[in-house]
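To convert, note that position 54 of the sequence shown is 51 in this note's numbering; the numbers rise steadily by one, no gaps.
Just so you know, the hints here were simulated from the structure itself, not pulled from any lab data. Beta carbons: idealized from backbone N, C-alpha and C, even for Gly. A couple of the hints might just be wrong.
[To be verified] Label-pair restraints from in silico Cβ distances:
1) Gly94 with Gln20: 20 to 28 angstroms
2) Arg125 with Ala86: 35 to 43 angstroms
3) Arg51 with Leu26: 19 to 27 angstroms
4) Pro110 with Arg68: 20 to 28 angstroms
5) His128 with Pro19: 37 to 45 angstroms
6) Gly96 with Arg62: 29 to 37 angstroms
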Amino acid sequence: MTAPGGGAPLGAPVRGPGRTAPQPRPTDLFAERLVAVLSGRRPVHCMLRHTVGRAYDELAWLAERGRLRTRGTQPVVRDIGYYVPRRGAIEAFARIGAGDQLRAMAFRLEQGPDLRWRCAAVELGGPRMPHD
């Protein structure tokens, strides 16, 4: 499968002298980052440069409510799926496991003019942040 926005296939090895490490997909990176924040392992402000629009406020609102905080077992990303509605945008979901509990998380990534991916929206099951 081709990387969102064109280019090398997702997860393809990085080409160059002595380099063959696979490049992680943006969906994988962001799912891990979001789970770390929502579980309390990382502070919300670590996502400031990785978000656009209301996403930072949504993330802070969700983290404040401790939606993925558990006692004992740390939440982990079990599965990720995504859809590319247009070039430069990815709508993704992740199944998050913690012990015998399974939660769903949805997020949207948008690629900026600098070709960096940023989170534009994040949701967990349950109440959403009110619109002002």
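Results for each hint:
Between Gly94 and Gln20 the CB atoms are about 25 angstroms apart, so this pair conforms to the stated range of 20 to 28 angstroms. At about 20 angstroms, the beta-carbon gap between Arg125 and Ala86 misses the expected band of 35 to 43 angstroms. Between Arg51 and Leu26 the Cβ separation comes to about 20 angstroms, which falls inside the hinted range of 19 to 27 angstroms. Against the hinted window of 20 to 28 angstroms, the Cβ-Cβ separation of Pro110 and Arg68 comes to about 43 angstroms, which falls outside the hint.
At about 39 angstroms, the CB distance of His128 to Pro19 agrees with the hint of 37 to 45 angstroms. Look at Gly96 against Arg62: about 20 angstroms separates their beta carbons, and that is not inside 29 to 37 angstroms.
In this structure, the earlier hints numbered 2, 4, 6 are contradicted, and the remaining ones agree with it.
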